[in-house]
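Asks: Here's the letter readout for the chains.
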Amino acid sequence: MSATDQPGKDEFYESLLGDFLDESAQLLDRLNENLLKLDEWTQVSENLPEPRCHEDLLNDMFRAAHSLKGLSAMLGLQEINHLTHKVENVFDAARKGALRVTREVVNLLFEAVDRLAALIEALKEPNGEPVEYEGVLAKIHQVLKASGADRAQSTQADAERALAAIERGLQALDEPTHSPAEADAALGPVVPVGGQPPSGFAARLKAASPHPPAQGSRIEADFSKQGEQPAGTQAAPSGCLREQPVAATTGGAELSDPLAGIDDEAALPAKYIGIFIDEATETLDQLTELLLANERVGQKETVEQLMVLAHKWKGSAASVGLHRAAKLAHLMEDVLQGLLAQHALPNPWLTDTLLRTTDALRQFVETLRQGQPRTDHFGPVACELLAVQQAIPSQPSILPTPPEARKAEAQAQPSADPVCPLADSGTGNLSSFSCQVPPIVSPDWRQKVVAKLPEGARAIVGEVYFEKELPLVGLKGRLIYEKLCRLGEVCQCDPPPDRLEDAEQLEKFSFALLTEQPLALVENQLEIAGIRGKVLEIWPPQSSLGTPEGSAASLCGPASLAEQLGSAAQSSGSAEAAGASSSRRSAGVPPAGPSAEPPSGEATRPAETLRVDIERLDELMNLAGQLVLNKARFTRIGESLKGLLSARNPLQIFERISAALEAISQSSYREDKEPHKELQALRATVRRIHQEVVELGKELQVLPRARQAVYEFQEAVHQLDRVTDGLQQTVMQTRMVPIGPLFARFKRVVRDITRLNGKSARLVIIGEKTELDKRMIDELGDPLIHLVRNALDHGIEPPEVRESLGKPRQGTVTLEAFHRGNSIVIRVSDDGRGLDAEKILKKAMEKGLVSPADAEKMSRQEIYQLIWQPGLSTAEKVTEISGRGMGMDIVWAKISELNGSVEIDSTPGLGTTMTIKLPLTLAILPSLMIQIDGETFALPIEAVGEIVHLKGSDMYTIQGRWVARVRNTVISVVHLRDLFRWNQPSANQTGKSEQTTLVILGDTGRQIGLAVDGVLGEEDVVIKSISENYHNVPGLAGASILGDGRVALILDVSALVEMASGRHSASSC
Amino acid sequence: MPTLVQEPVLAEARQREGAGSLQLVSFRLGQEEYGIEITKVQEIILMGEITRLPQTPAYIKGLINLRSTVIPIMDLRLRFGLPPQEPTEETRIMVVNVRGKTIGIIVDAVSEVLRISKDQIAPPPPTVAGLGREYLTGLVKLENRLLILLDIEKLFAGEQSTTG
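These protein sequences, in sequence, are chains Y and G.
Under this note's numbering, the residue at position 403 of the first sequence is numbered 387, and the numbers go up by one with no gaps.
To convert, count from 1 in the second sequence and add 279; that's this note's numbering.
In case anyone wonders, no lab produced these hints; they're calculated from the structure.
This structure is a prediction, so every number in the text was calculated from the model and none was measured.
Be aware that a few hints might be false.
As the list claims (entries may be wrong) - DSS-like cross-link-like pairs, simulated, lysine-lysine; straight-line CA separation at most 30 Å:
1) Y:K615 / G:K380
2) Y:K682 / Y:K626
3) Y:K826 / Y:K841
4) Y:K831 / Y:K878
5) Y:K878 / Y:K823
6) Y:K758 / Y:K615
7) Y:K901 / Y:K823
8) G:K397 / Y:K108
9) G:K380 / Y:K758
10) Y:K758 / Y:K731
11) G:K420 / G:K319
12) G:K380 / Y:K878
Looking at chain Y on its own, in the form it has when it is part of the complex:
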């Protein structure tokens, strides 16, 4: 990362960067995923003569690269911007058919995406090593050059020249010396390109006004008027334009920028710039959103809105004197207006152009915000817009040309518009639209065909339109039929094949093809001279991504102006295919059939989301945890209060005392007529006591109320209990993300590894919706990679071996995730050869991990457990992928760190399954609370096998080591005081009990019995890191705070097992 890549590291930048990192990760995932599909495709299509890749796939990737490019440009990340630009070029060339997508290309793209990921990763660590990416850049450049895809660049130069000429015309228009009328007369039809009415520039004079809406509404009215005009009467600008390039070649170098000659006001009113920036950003956001929405659901209304927005932008920019930006917005507006007049909808490439324009404007606003407005990137975008605009079949003039003048022009150029088939009104029997290929398969044909299609079959339904009076049209039809037969089964066609050859007049050939081939491939095969156009639809229709996906329509016309302008839209294959006629994707035509109705009602509202810093969630989790602790204290207080008040009813006792006292005092009154003085005094005392007792009685009346209050208190605590549980769970849920994306990453891993080791394997993913704590997902990548690598390298056999064993050539690795109780289970399984117990044992003995004596007694499961030992690899030779014996102990360590466990299950010849069990979250640990030497400890419940109570007679010593017989297994007994080095005696040492309780920990084969004084029960504890304020302590997984506020240590079971075995091996030496 060079310093220049980070302009002003302020808060705004930081937040943008956060968004970028987030978004780019998703985009990279998408690219990777699609590349995998592309990779598959290259394998399938390797033998096809002229394969054309699935266009939607390429388009999707193009868009992903494009978005990434735009985002990186916004942040000024030049390196990423360069690379994405190149990648985008590759996709662009590929989707236009200029570049053949071979495996090499896919590999290069993979490499580029990896570099991109590295570059983006480097952003997180500004001081990290710089990422090298020039190599890939150069390679891409070479690939593009070799394929001739850089032709686009030369055509762009042509376009620039042509446009420059137009621009000069515009400048003339801008000259204040010309009256508007003069300008009209001079330029007439040229205007659509730069179609700015002189009044638009006069708006500059109104520049002080920061409120362009008034102006906007006026133009809106203009535009609606324009929209009403029938397309056929539109003036054709192209005749004039065609002459321009010749003139332009004599032009100077400055002509490469269509916006040259337009300058921003030197002194920008700072007061309004701020307003402009805010407004412009908002408008751009709306524009982008609409463009993206439009890509999904093409609607005329959206185009109108887009135009209004572009216009608004133009107005705001012009009003503050930013004429270059205003001009660019204006060009965009023109393109949109052209579309609208044509009743057309933006197709993907047009949308891309428009998106690029908004990106350029956004970039400009960003530079403006930083106080150094730059518009030098406008040139190429403007060229593109102009080119695109010319590619739109008919271009209405934005200039309010008087109708008569227009008519005159039209007459002056009788066959005015070679681009527009609509203008061709000479063919009487056709309506103005009929010569154009409809955008969809005619409903009649579709209905007829679909009714007869076999259930669940995928078919391509299509119609091919022939040119009028095409000689030997029947033969062409037959050729198409033959071609289709090679691609699949032609189940229906009209006319039927046997009548095709005789046909002399044929308008169209309709067919239904049962095939699994991609649409683009079929479309490609139908590139034949003499056909006017074709429509293809996949049946059943694909729901994803909407309009252009399922159907492809193309129309052919005579050499178009677009070609001369080197429109980016041009399809390369067509040039070779049909001499003068060129084919390109239709810009879209008005929705005709009922099927093309936009699914407006079905558009589902996306779930509203909010990005939150994970630190904040951690904090929230922490607070919720504290609340749980406090709640526990309340519960205890409630219990003790209840206990205090549950004594025998003191009121009854009081009643009895009171009665007795009264009896004494009254009886003495009656019986003693002449009482003694002492007795009198005593009686007085008793009376006083009685009075006091009565007073006390009143006090005691409080008791029932207190009891009632305690009862209510407990009710409230119960309520609190429910709320805190709910809170904790909700907070926990907010941290939960599906494991799908993590699993999806392994598709790439499988591909790369099988490439390297020559094996064949597929990845099956089950339960990708299973949700895990975000932190957990972050931590799981590493161990899973090791497991998957192992499965692919050691588990899955080479294809030949598999075949000889009667297994399918392709192995299967399954990644599975599901919830079980309070834990998450993740399984990595393969259908390979299984673990070789003998080999493991041999290796372990070589390494001195197992003594020969022990080896004989070990069960299969116990032997499997040895693979977790560091340095143990059964691979005969170290490969690039695995076998260094480092993997499995890393897996073990990582999973233990996450308080989880791993189980191995393997059947020789059938495969291996690794089952990882993890707690739901990292922050809360379901634990077994135990008491040892008067202290409370927490044990992750996940690791607890069982609890057994033993009498002294069940324990033995073997060579001084305590063991216990639990049912039929002998388990070594471990005392914590032997494992841990305490630096002080326990504060509350308790006496020894006769009975020993053992908590059996660890997995089969490595079990230990931890001797405890008592088991306190299960509790969900909040994990507190010890290293946060100290450092990690071996044997401890952390600390937790008990209900009474004391700190309890959480034991690290795998470390305990490790320590215990280490101690044993040490003592046995």
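We have chain Y already, so just place chain G on it with the hints.
Replies: For chain G alone, kept in the frame of chain Y given last:
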């Protein structure tokens, strides 16, 4: 190396204190009186129940719960090799912030907060030997007594890397 950043950091803190003056919290340990910069001290709390921690040096008494944060407690007496002493009425835990970590240190008593001027600080005499030598930044001469200025950062520098 952490020790290298020590001096500039302290110097900066001193400068922030104003021209040549420094605020200290003084405490007692055995017969000696020590001072720590007030900026390092977060709070002073009473002794409570400490959960002992295994695999640690003897002077680490264990962990306590300080408002839901678990912090380690160091017995400064043991750290400096003084004989252990049962907690008294006066025993306190000084909670200090060092390198982003919160640590409690047990002292015999906390005396007072005082402001000194920098020229009252003298370098520690080279003759002073013993465990605590490297953790002293200087001696502060007060009217009738001597205050040992403790470099708390250095005291915990060793703790960062120690394991087991």
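Asks: All hints, please: hold or fail.
Replies: Going down the list of hints, with the structure as the test:
no., hint, verdict
1, Y:K615 / G:K380, "holds, 28 Å"
2, Y:K682 / Y:K626, "holds, 21 Å"
3, Y:K826 / Y:K841, "holds, 14 Å"
4, Y:K831 / Y:K878, "holds, 23 Å"
5, Y:K878 / Y:K823, "holds, 25 Å"
6, Y:K758 / Y:K615, "holds, 27 Å"
7, Y:K901 / Y:K823, "holds, 27 Å"
8, G:K397 / Y:K108, "violated, 43 Å"
9, G:K380 / Y:K758, "holds, 26 Å"
10, Y:K758 / Y:K731, "holds, 21 Å"
11, G:K420 / G:K319, "holds, 21 Å"
12, G:K380 / Y:K878, "holds, 25 Å"
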